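J.: Add chain B to chain A, keeping to what the hints say.
The residues making up each chain are set out below.
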Amino acid sequence: MKFSISREALLRPLSLVAGVVERRQTLPVLSNVLLIAGGDGLALTGTDLEVELIGHAELDSLEAAGSTTVPARKLMDICRSLPEGAMISLALEEGRAVLRSGRSRFTLSTLPAAEFPNIEQSKHDAELTLPRGVLKRLIDATGFAMAQQDVRYYLNGMLFELVSGVVRVVATDGHRLAVSESSAGVEFDGSQKLILPRKGVLELGRLLDDSDAPITLVLGPNHLRARTGGYVFTSKLIDGKFPDYERVVPKGGDKKIIAERSELRQMLSRTAILSNEKYRGVRLYLEEGNLRVQANNPEQEEAEENVTVDYQGASLEIGFNVGYLVDVLNVIGTDRVLITLSDANSSALLEAVFEGDQETPATLGSKYVVMPMRL
Amino acid sequence: MSERKVDRPLAWQLDDWHRLVELIERDRLPHALMLAGPAGLGKGHFAELVIARLLCAAPQQAAAGAVACGRCHGCSMRLAGHHPDLLTVAPADQGRLIRIDTVRGINDFLAQTAQQGGYRIVRLNGAEAMTIGAANALLKGLEEPGDRTLFLLLSDMPSRVMPTVLSRCQRWSFTAPSFDDCLPWLVERLADEDDARFWWRVAGGMPLAAVAQGESEARKLRQRLTELFDALVRGAEPVAEAARLDRQQLGAILGYGISWLEDLIRLGLSGNVESLRNPDLLSLYRQAVKNARVRDWFRLLDYAREQRRLIAQGGNPNPQLVLEAWLIRWAALLRS
Numbered sequence: 001m002k003f004s005i006s007r008e009a010l011l012r013p014l015s016l017v018a019g020v021v022e023r024r025q026t027l028p029v030l031s032n033v034l035l036i037a038g039g040d041g042l043a044l045t046g047t048d049l050e051v052e053l054i055g056h057a058e059l060d061s062l063e064a065a066g067s068t069t070v071p072a073r074k075l076m077d078i079c080r081s082l083p084e085g086a087m088i089s090l091a092l093e094e095g096r097a098v099l100r101s102g103r104s105r106f107t108l109s110t111l112p113a114a115e116f117p118n119i120e121q122s123k124h125d126a127e128l129t130l131p132r133g134v135l136k137r138l139i140d141a142t143g144f145a146m147a148q149q150d151v152r153y154y155l156n157g158m159l160f161e162l163v164s165g166v167v168r169v170v171a172t173d174g175h176r177l178a179v180s181e182s183s184a185g186v187e188f189d190g191s192q193k194l195i196l197p198r199k200g201v202l203e204l205g206r207l208l209d210d211s212d213a214p215i216t217l218v219l220g221p222n223h224l225r226a227r228t229g230g231y232v233f234t235s236k237l238i239d240g241k242f243p244d245y246e247r248v249v250p251k252g253g254d255k256k257i258i259a260e261r262s263e264l265r266q267m268l269s270r271t272a273i274l275s276n277e278k279y280r281g282v283r284l285y286l287e288e289g290n291l292r293v294q295a296n297n298p299e300q301e302e303a304e305e306n307v308t309v310d311y312q313g314a315s316l317e318i319g320f321n322v323g324y325l326v327d328v329l330n331v332i333g334t335d336r337v338l339i340t341l342s343d344a345n346s347s348a349l350l351e352a353v354f355e356g357d358q359e360t361p362a363t364l365g366s367k368y369v370v371m372p373m374r375l
Numbered sequence: 001m002s003e004r005k006v007d008r009p010l011a012w013q014l015d016d017w018h019r020l021v022e023l024i025e026r027d028r029l030p031h032a033l034m035l036a037g038p039a040g041l042g043k044g045h046f047a048e049l050v051i052a053r054l055l056c057a058a059p060q061q062a063a064a065g066a067v068a069c070g071r072c073h074g075c076s077m078r079l080a081g082h083h084p085d086l087l088t089v090a091p092a093d094q095g096r097l098i099r100i101d102t103v104r105g106i107n108d109f110l111a112q113t114a115q116q117g118g119y120r121i122v123r124l125n126g127a128e129a130m131t132i133g134a135a136n137a138l139l140k141g142l143e144e145p146g147d148r149t150l151f152l153l154l155s156d157m158p159s160r161v162m163p164t165v166l167s168r169c170q171r172w173s174f175t176a177p178s179f180d181d182c183l184p185w186l187v188e189r190l191a192d193e194d195d196a197r198f199w200w201r202v203a204g205g206m207p208l209a210a211v212a213q214g215e216s217e218a219r220k221l222r223q224r225l226t227e228l229f230d231a232l233v234r235g236a237e238p239v240a241e242a243a244r245l246d247r248q249q250l251g252a253i254l255g256y257g258i259s260w261l262e263d264l265i266r267l268g269l270s271g272n273v274e275s276l277r278n279p280d281l282l283s284l285y286r287q288a289v290k291n292a293r294v295r296d297w298f299r300l301l302d303y304a305r306e307q308r309r310l311i312a313q314g315g316n317p318n319p320q321l322v323l324e325a326w327l328i329r330w331a332a333l334l335r336s
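These protein sequence lines map, in sequence, to chains A and B. For the first sequence, our numbering assigns the number 1 to the initial residue and increments by one for each residue that follows. For the second sequence, our numbering assigns the number 1 to the initial residue and increments by one for each residue that follows.
Simulated from the structure, these hints should not be mistaken for lab results. A portion of the hints provided could be inaccurate.
For lysine-lysine, the following PhoX-like pairs were computed, each having C-alpha atoms within a straight-line distance of at most 25 Å [as the list claims (entries may be wrong)]:
| no. | chain 1 | residue 1 | chain 2 | residue 2 |
| --- | --- | --- | --- | --- |
| 1 | B | Lys140 | A | Lys241 |
| 2 | A | Lys241 | A | Lys251 |
| 3 | A | Lys193 | B | Lys140 |
Note that the structure is a prediction, hence the values are computed from the model and not measured.
Only chain B is shown next, with the shape it has when bound in the complex:
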């Protein structure tokens, strides 16, 4: 989700942005913001903008629409990637945890005054990935930081963040924008409006996720999985198919599977083709719906979500085994 280094708010975040600027200008900015919402909405981009604006010495000199001047000392250091008053903390890797040592580093950072004399900002990506110990270590600093300090916590799954952390932050929820709001942005990045609409649907209305899934690498994986499922319906051997999948992409593979399962359940319950996220897979769905009951699909969905939760919490399951078990269950349902 690497967004280009442009210091402009995304079209569908303009309202949130204006609200934030107003808070800054009235000097009413809270000390901690929890940016919550599903992945692929541009929360990271929004956080980047907040940081840019607060660390810029002369935001009033910014070009029209931009949030920071990009020329002052603060901006130069931020663009070079090392502003001394910005601390970014994130899980070491997808599915890894944020441990207590990292959080103690935050506390050390807060113990001293700002080097540049402006705002001190702690950006914490993936707040749900903090271990209980780490979250507890953060509480004191999060509750009473010194002057001119801002915590930016980002979370795709705010429900998994400790309530004690949540209650110390002002929560800003991001929700999926309407298609019209993000259409120009999508068209700019994808081939045309049809493409934009298709991938927007596939991504469940998350614009950044839509662009990510529309990239050729992701397209290939999706194509590969579509073929695999066709093969499964025709009676291919799930274990052999699993061996051919790239184990590194376990999370993405489960993600697609979950999205398709949700489609299947929608279709099975309502028969409504309009609400499908992946309209191109309709023929596959029709076949699958004939073969299994909705209850079985729900059971499979529970399994997939459980696996995804394990991965998210650093459970480190064996990818080979997960893929095999996952495909065997699919195959059983597709053919029963």
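Isolated chain A (complex conformation):
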């Protein structure tokens, strides 16, 4: 293997790929990045066995095709500290990678490319294309509700449910649930369900931006692969069955409240200061046209606030974990929010209220379910 490449062309994909390589690795080969030089450029692969990222760089000139693995972080640090615009030539000589640039010369240790645990493309997979921005909004709208290190391992991730033309993502930790769906620009037929692990969701989110550039998701039995802008991201899946989330979404709530989102959020964050630090419980007293929120803590300190809401009906007292409510209000994109309640023991359903020229439910429809607390 021998090629030369400009520092800038190598550095961008390399730093993204090195991002998935973890610093502390039990296996030496995992701290390496796989380099495959060929006619169509240089492919860089980094993995931590759970997620894999392949980057692509244009070569300046290719003298000999080939592949090897070199320590990712060291290669990146070397490239970063070279002067701007430098030309880098990399050659494999007697089992070592020799990097030359100007008057510098670095010799890096290598491990055989065959020992690198990269994922091979499986054949019969379903494919789906959607704009990057849509996927990003879907993940942002629900990612906060994923469980973290729960023994119910199937909750430590995000459910991707694909039915013709619609992508739906669901995350829950057993106390709250977020469902979001979009049909904007989605090209897909058939139906498939898979659970992407938490780490995969976070890493995938880092690759996304608000643009309308397409991203292609390849759905296999063992992997989810995402292709966009020269990068190929692959994650393992969670081998489990996601709970039936439709049953959790409350139906037939008769108490519908419409509130100003930011006002409600700020008020809840303020009262949260004096809630019990562990359980974070607040009491909501609902009356016609008014919502009173009250919190107290073991030190007998107390917070009470009132906010005007659009509500007609019977009064209700209900407790919630204030953190869960604030999380939802943070991600709802509209000015006003619709809260549907039925009684003190039933969960609350929070939805965005779409008005005027803002986003329509077709672009992004989200539902959030928060379980009440007995205070």
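T.: Using the frame of chain A, we list chain B on its own:
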């Protein structure tokens, strides 16, 4: 028991191997196999072969007699010692336990799909070394693993594995092969046929154990112990002798002692020289049999087995005290 890295079934395991290949080819492989049988039969080697075969992308391209091609991506990673879809769990050390954290690691491994998209394999060496908590934590995963998952549990003492674990596995029992079956293999590793036959007898018919005991290090220990027992018969001081033994080899020392005790009991009950495992020690035995009753030998055997059980269960006895007590009891019987 480091077997050379050859992907070929051992001569006396060919039948088991063919049975396994048939299961794989008919896609009838169970999700959990318990490879049970005494140490020194090559269970580990067999497990290695199963792993090699399942993780190889092109087993049909393997060389004649070999089980895996050794060239594909899966084989390269396995030979480099880090296949991402293989998890090997073993006690940290001889006589240590497998604790619940390790088993939780297995459950995390099973929670995610295979990285390479093929089989996920969990190899659990020394299944009897799991604590009760660890075994209980394993049950759920062992009962209903996802698709294309194989548990390989190995145990020298399957009777000590929790019945709830055993009942979730298909049990493959390995028994000592006949001498003829393993003779060529033994001759290849030991000097000649006489040597092979001798060490095969000493090891009680376990071929891998025979080779291990035929190695110079093990020979030295055995020689050392033979001399020690001769000395004991002649009236040496057991405590002083115990101090001179290497405490690290407590398990091996007890092992030899138990084997000799069993010989003594055989000889004492039947007088049959043919069935002895250690024919070279006959003169020592003759002397010992004269001195004590069979009942006393049984008592000593119980003591030794109890000590060995304590070591196996991580009881961590003081080796110095065990050796002293063990030799004092021997000396008392040899001289009474």
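J.: None of the hints should be skipped; say for each whether it holds.
T.: Here is how each hint holds up against the structure:
no. : hint                : in the structure
1   : B:Lys140 x A:Lys241 : holds, 15 Å
2   : A:Lys241 x A:Lys251 : holds, 24 Å
3   : A:Lys193 x B:Lys140 : holds, 24 Å
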